[in-house]
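Trainee: So the chains spell out like this:
Number of protein chains: 4
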Amino acid sequence: MKSINVGLIGTGYMGKCHALAWNAVKPVFADVPEIRLVHLGEATDELARAKAAEFGFSRASGDWRRVVEDPEVDIVSITTPNRFHAEMAIAALEAGKHVWCEKPMAPEPADAEAMLAAARASGKVAILGYNYIQNPVIRHIRRLLDEGAIGAVNHLRVEMDEDFMADAAAPFMYRHEASSGYGAIDDFGVHPLSLIHMLLGGVARVMCDMAKPYQSRKTAGDETRPVEVFDIATILMRLENGASGVIALNRAAWGRKGRLTLQIFGSEGSILYDQERMNEFRLYLTADRTTEQGFRTVLAAPHHPPYDRFIPAPGHGLGFNDLKVVECRQLVGLMLGEETTVIDFEDGIRIERTIHAMARSFREGRWVEVA
Amino acid sequence: MKSINVGLIGTGYMGKCHALAWNAVKPVFADVPEIRLVHLGEATDELARAKAAEFGFSRASGDWRRVVEDPEVDIVSITTPNRFHAEMAIAALEAGKHVWCEKPMAPEPADAEAMLAAARASGKVAILGYNYIQNPVIRHIRRLLDEGAIGAVNHLRVEMDEDFMADAAAPFMYRHEASSGYGAIDDFGVHPLSLIHMLLGGVARVMCDMAKPYQSRKTAGDETRPVEVFDIATILMRLENGASGVIALNRAAWGRKGRLTLQIFGSEGSILYDQERMNEFRLYLTADRTTEQGFRTVLAAPHHPPYDRFIPAPGHGLGFNDLKVVECRQLVGLMLGEETTVIDFEDGIRIERTIHAMARSFREGRWVEVA
Amino acid sequence: MKSINVGLIGTGYMGKCHALAWNAVKPVFADVPEIRLVHLGEATDELARAKAAEFGFSRASGDWRRVVEDPEVDIVSITTPNRFHAEMAIAALEAGKHVWCEKPMAPEPADAEAMLAAARASGKVAILGYNYIQNPVIRHIRRLLDEGAIGAVNHLRVEMDEDFMADAAAPFMYRHEASSGYGAIDDFGVHPLSLIHMLLGGVARVMCDMAKPYQSRKTAGDETRPVEVFDIATILMRLENGASGVIALNRAAWGRKGRLTLQIFGSEGSILYDQERMNEFRLYLTADRTTEQGFRTVLAAPHHPPYDRFIPAPGHGLGFNDLKVVECRQLVGLMLGEETTVIDFEDGIRIERTIHAMARSFREGRWVEVA
Amino acid sequence: MKSINVGLIGTGYMGKCHALAWNAVKPVFADVPEIRLVHLGEATDELARAKAAEFGFSRASGDWRRVVEDPEVDIVSITTPNRFHAEMAIAALEAGKHVWCEKPMAPEPADAEAMLAAARASGKVAILGYNYIQNPVIRHIRRLLDEGAIGAVNHLRVEMDEDFMADAAAPFMYRHEASSGYGAIDDFGVHPLSLIHMLLGGVARVMCDMAKPYQSRKTAGDETRPVEVFDIATILMRLENGASGVIALNRAAWGRKGRLTLQIFGSEGSILYDQERMNEFRLYLTADRTTEQGFRTVLAAPHHPPYDRFIPAPGHGLGFNDLKVVECRQLVGLMLGEETTVIDFEDGIRIERTIHAMARSFREGRWVEVA
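Residue numbers (this note's numbering), protein chains in the order written: chain A, 1 to 371; chain B, 1 to 371; chain C, 1 to 371; chain D, 1 to 371.
No lab work stands behind these hints, which were simulated from the structure alone.
C-beta: ideal position from N, C-alpha, C; glycine also.
Take the hints with a grain of salt, since some may be wrong.
[What the hints assert, rightly or not] Sample of chain B residues lacking proximity to chain D, with all beta carbon distances greater than 10 Å (derived):
{"no.": "1", "residue": "P81"}
{"no.": "2", "residue": "E94"}
{"no.": "3", "residue": "A118"}
{"no.": "4", "residue": "Y174"}
{"no.": "5", "residue": "R175"}
{"no.": "6", "residue": "S216"}
{"no.": "7", "residue": "V298"}
{"no.": "8", "residue": "A301"}
{"no.": "9", "residue": "E338"}
[What the hints assert, rightly or not] Mimicking SDA-like on lysine to any residue, the simulated pairs with C-alpha atoms at most 25 Å apart in a straight line are:
{"no.": "10", "chain 1": "C", "residue 1": "K2", "chain 2": "B", "residue 2": "A50"}
{"no.": "11", "chain 1": "D", "residue 1": "K124", "chain 2": "D", "residue 2": "R66"}
{"no.": "12", "chain 1": "A", "residue 1": "K212", "chain 2": "B", "residue 2": "A50"}
{"no.": "13", "chain 1": "A", "residue 1": "K212", "chain 2": "B", "residue 2": "E54"}
{"no.": "14", "chain 1": "A", "residue 1": "K218", "chain 2": "B", "residue 2": "A149"}
{"no.": "15", "chain 1": "D", "residue 1": "K2", "chain 2": "A", "residue 2": "R49"}
{"no.": "16", "chain 1": "B", "residue 1": "K212", "chain 2": "A", "residue 2": "E369"}
{"no.": "17", "chain 1": "B", "residue 1": "K218", "chain 2": "A", "residue 2": "R289"}
{"no.": "18", "chain 1": "B", "residue 1": "K2", "chain 2": "C", "residue 2": "E46"}
{"no.": "19", "chain 1": "D", "residue 1": "K218", "chain 2": "C", "residue 2": "G242"}
{"no.": "20", "chain 1": "D", "residue 1": "K212", "chain 2": "C", "residue 2": "W367"}
{"no.": "21", "chain 1": "C", "residue 1": "K212", "chain 2": "D", "residue 2": "L145"}
{"no.": "22", "chain 1": "D", "residue 1": "K2", "chain 2": "A", "residue 2": "R59"}
{"no.": "23", "chain 1": "D", "residue 1": "K2", "chain 2": "D", "residue 2": "P71"}
{"no.": "24", "chain 1": "A", "residue 1": "K212", "chain 2": "B", "residue 2": "E46"}
{"no.": "25", "chain 1": "D", "residue 1": "K212", "chain 2": "C", "residue 2": "V370"}
{"no.": "26", "chain 1": "C", "residue 1": "K212", "chain 2": "D", "residue 2": "L200"}
{"no.": "27", "chain 1": "A", "residue 1": "K218", "chain 2": "B", "residue 2": "G148"}
{"no.": "28", "chain 1": "A", "residue 1": "K212", "chain 2": "B", "residue 2": "R238"}
{"no.": "29", "chain 1": "C", "residue 1": "K2", "chain 2": "B", "residue 2": "E54"}
{"no.": "30", "chain 1": "A", "residue 1": "K218", "chain 2": "B", "residue 2": "A287"}
{"no.": "31", "chain 1": "A", "residue 1": "K212", "chain 2": "B", "residue 2": "G202"}
{"no.": "32", "chain 1": "B", "residue 1": "K212", "chain 2": "A", "residue 2": "G365"}
{"no.": "33", "chain 1": "C", "residue 1": "K212", "chain 2": "D", "residue 2": "R205"}
{"no.": "34", "chain 1": "D", "residue 1": "K2", "chain 2": "D", "residue 2": "R66"}
{"no.": "35", "chain 1": "D", "residue 1": "K212", "chain 2": "C", "residue 2": "G151"}
{"no.": "36", "chain 1": "D", "residue 1": "K212", "chain 2": "C", "residue 2": "R238"}
{"no.": "37", "chain 1": "C", "residue 1": "K2", "chain 2": "B", "residue 2": "E46"}
{"no.": "38", "chain 1": "A", "residue 1": "K212", "chain 2": "B", "residue 2": "T261"}
{"no.": "39", "chain 1": "A", "residue 1": "K2", "chain 2": "D", "residue 2": "G56"}
{"no.": "40", "chain 1": "D", "residue 1": "K218", "chain 2": "C", "residue 2": "G151"}
Only chain A is shown next, with the shape it has when bound in the complex (with noise of 0.2 Å):
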């Protein structure tokens, strides 16, 4: 492959993350071919014209439909709202074109099976956005689980909690009404299901209770509307390979600003993580000397890869937007025939399974088997 020809559609908070992940992984990873960046494409003409100058594309278009035809480009990233999702990449995957999804797949569960198969069928590479996996951290605390550095895994402990629904005067928006999803089990939850699956495989049974912190705001006309979704969920859980756990999520956590923690319990040592500290995680181990165990806090470094393609010297950093890249050399990889780790169809597919069984637990009040 001389060149990677890139089609981006959408240019918010998402769009701009793969646009800049699209411009950095080749001189961080070097290993890639040349990346042209080619096509975006955005709600309008001007729109699209004023994002493809300032993320070095060379056409834009307000029609997604000409990116996804353009017959020059080879992978397609969509970064639109999630309703957009499954025609979106459905029409790319048909016309071809390998493609690279935001999470979740789809709110409805029909769309997202409907997306697998036109992966299925094409043949082409189709990856969602899951970049928390991609930390060089989680990566090593994978290494670690697959060595048994700590033993066998026999419980778990999940949380994810942010704050930007915890302001109770903010008012109703369409976010809280049940079109929007279930709340914070799909907003959120499926962070905490891509690391689960990832490093530990997947979810066999779940019992889940959810609830909101405040049951009504005002509209914009100051009346009152009662919220419909779910802000705050905690699920027990059972995985496949027989551990228990738990998952708690917050979106109106106040003081939690991107909080994803991971306790991993095993039979010879822990594990734990912090996505606000996410250059760092802390390991016990009870082959350490008695009087001197503890949980140490390892800092990332050159020897947990890929860290050592953006930074020589340890303890120096990554941040956010640098997962995107990693992900993105996954992806590009996966393009050139490697062996990597992602979130293909196939696995969001089982994340997106678990989400819904989580919602029937609740409505039925009972444990669900994921199936």
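Chains B, C and D: place on chain A using the hints.
Mentor: Same frame as chain A, now just chains B, C and D:
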């Protein structure tokens, strides 16, 4: 009351802790009557005499009934294994003594109910040894909650973890038998519940899962025996005040030594606490200027009473045993007719009913009302 | 020795701390003679009687000489203001009593030297109240250093910070007068030096700077008076073992409450300690596998003696006052002829000579040998 | 300015960092002209061509003078070893190019002065690569200091520690020769000084000690050679604003990877920062209610500009390389005539004079004015 005359039964972990508290309460607090250490009971006369000399008691008996019946004794500390609590506490109350009994009340619900009945019938002070609630830091958190510092509490997470059951190679012992209780929920769960009761009120309903990190252990005779208790438990709950919550308990959590954490989320802030760093708590307030909002780490200080009775300088640190001294002062206050904060037998029975509701929820795989 | 008969002079901050220690040492440690609280001295008969009742002493005097001369007293705790230490300690030693005197020895070097001479002449036990060195965590650090766990120590940093002098609006008081001492170096500096002596040995030479955060303060009568002491000091040093080091002291450090940190760097690892979290230390070992090297946070536990004498469970935490109980046990051990770890008058005079060398270095703007 | 045309000399650690910044600055900030990567210089044509392909440069040369003389180039990034800085920067300035030179200016004071003279003569933008000052967190600390949030600053402590010189068994290399500089003070000391200059202004006088953790090392040929540089330095200082301070530097500090800490004490609060956790700072304010005063841990967020240009969500974390992108934006701003915060050659020379004053202070064993 000219003096308070103390009897003590049991001299193990908690027995020594009571003895230290009885020795310290007068020099620490000053505003209590003279404390006279009158009668110590242990399993044998010899052990009783040795411990009486160590702890400063005048009399010693190898029969606990002598302590309970000693006419000079006003108050009996009961620190024997749980299965003896009911018999001893009831005997003491019936003999007209006040009772300070270590938690939990009794393995069997009927025994706990009998203890409560005896306490009611006697009109005497009857409290349980829930020392974590006596931490000046916890009391200050209570004050903040009462003041509405973090607004209305809507979510709560509590974890309690130690690792004394974490060694898979440790032999089978009586604590692995079903006769010793459920495992984590009664051994550990009562502590989180004491904090929840003190800070936020009662638990309305629970959904509990329980797990075994190790299915079996070797006996001393090198046979394999199934473990009958559950060292891990995870519980979804709703409080009487409507807040949702989760409790996670693990006696096999490598690296955790005395962890007991609270995460309390409100409409205007959050509070965090970790017993392993018991001289501090963390507080997030939305009242702070936006650009400098963050969790404050507040160190225990003389303005968090009764820290000032121990040390006049801030940040110097109380210890675990000091909490028992505060508890002792609360008990003495009750005997003198003051309003104090303790877990008495009335509160204690509510905690134990919650434990049994957890156990039933696990057995039946469904939510159970605490009633 | 059938019993140890105690006299106590002074009942303020440290007086109460001694009283608590004398009450606790037997129930905590068991392996000491009976402790009899014989005679308490205070400024007036009335105060002495009140405090004797609180602390459990049999006799009380408004004249400290009565305590020193009491034929029944074996050991005198001296906890009065520093300027009284010399007279009282010398009188006690000359009366054939052992002495437990709070640090520092005396404001005037000549007085400290006289105290040492009296101790030598008496042949009695004469120690100083340096409790921070008695922390089981500090003792374990000493053990690690002795074992060579971090190799040869080549650099050391020590900080001690509190904020009781930080309020610029607080009025002028006697502690701001030159007659009360230098400021930070004698008030604070002795604690870091006690730790350095205990862990690494003596200081060879010092280069000291001293500073005033506030040049003047208002008196009660609203006049402005220049502050004559230095609340801030920074000291470069070389240890007798050749290591370089720095000490930083600040009594006006807003937010620091009881901070006393060590950073010890060796050829094979590092050790960190912070008194504000006195139940833990941090350890980095190059012997760990490279990819998981990191600072371990080790919690105090029963295998760090004498933690086990206080609590049988790890991670539950000792308090500031418990350190005095350990110190008391060390003192009793000395009286019984055991080898123990204390700062006696011999060590104490070396610490105070170092302080005076710092002061001279500052006055003369040059390095000064401690000699 | 229609576009900014970039030349880059050197492609090592910092060369790659510059290349990444030049690739990212437009997509991150948008409000800059098109960035054209024109000419890359390396030691050989072959290496230059390979790196040009990786980093996206159009032209490549094995002779750096071609880059400097390229008429299309507007600005030259100089990232070669320190000894080449002066020659290259002066040549570039004389060729009418703007210059972005990595720190420090030059090993020899005279060379640094010549660089400054060339910059002044050219009228071109000439800045140094002090990226730590570009952290949104550091900028926010600057804003707080300017607002007087912590009152008047009276004391400062700065530490910078890594462990790449900590291995006693590592062989002797050129960096251990005196010709490579002093050791810690020039290699590390410039970073703390850049922060001090940016936050608090200049250093008035210094008193410096320097030490060697290891006196000698083995050469590749197994001979023993004395180490000629000082990996450890400790410096007392007074700032021009009157505050006292201390700097401690250690390149042989096992366990420290990218530590660069600030402790800033003021009359109404304190600020703490640690580069190893570069997305947070700690703030203590006496304006908070007494009973809840404590250090707040504030996470970087969009309201700390220009964090918002990278990520719209708080607490998600920038990385070390992102700081260079901010620096690049500052440089571009300067080229466009904006007011920006950088260390230009004028500030840089003051930093380097301070370093040389430290060295002289050590040689002469006395305080030295920076002048």
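Trainee: All hints are to be evaluated individually against the structure, with a verdict given for each.
Mentor: Verification of the hints:
no. : hint            : result
1   : P81             : holds, 40 Å
2   : E94             : holds, 44 Å
3   : A118            : holds, 41 Å
4   : Y174            : holds, 43 Å
5   : R175            : holds, 39 Å
6   : S216            : holds, 41 Å
7   : V298            : violated, 4 Å
8   : A301            : violated, 8 Å
9   : E338            : holds, 23 Å
10  : C:K2 x B:A50    : holds, 15 Å
11  : D:K124 x D:R66  : holds, 19 Å
12  : A:K212 x B:A50  : violated, 59 Å
13  : A:K212 x B:E54  : violated, 56 Å
14  : A:K218 x B:A149 : holds, 23 Å
15  : D:K2 x A:R49    : holds, 17 Å
16  : B:K212 x A:E369 : holds, 20 Å
17  : B:K218 x A:R289 : holds, 24 Å
18  : B:K2 x C:E46    : holds, 20 Å
19  : D:K218 x C:G242 : holds, 21 Å
20  : D:K212 x C:W367 : holds, 19 Å
21  : C:K212 x D:L145 : holds, 20 Å
22  : D:K2 x A:R59    : holds, 19 Å
23  : D:K2 x D:P71    : holds, 16 Å
24  : A:K212 x B:E46  : violated, 61 Å
25  : D:K212 x C:V370 : holds, 22 Å
26  : C:K212 x D:L200 : holds, 18 Å
27  : A:K218 x B:G148 : holds, 22 Å
28  : A:K212 x B:R238 : holds, 12 Å
29  : C:K2 x B:E54    : holds, 14 Å
30  : A:K218 x B:A287 : holds, 21 Å
31  : A:K212 x B:G202 : holds, 20 Å
32  : B:K212 x A:G365 : holds, 24 Å
33  : C:K212 x D:R205 : holds, 17 Å
34  : D:K2 x D:R66    : holds, 23 Å
35  : D:K212 x C:G151 : holds, 15 Å
36  : D:K212 x C:R238 : holds, 12 Å
37  : C:K2 x B:E46    : holds, 20 Å
38  : A:K212 x B:T261 : holds, 23 Å
39  : A:K2 x D:G56    : holds, 15 Å
40  : D:K218 x C:G151 : holds, 18 Å
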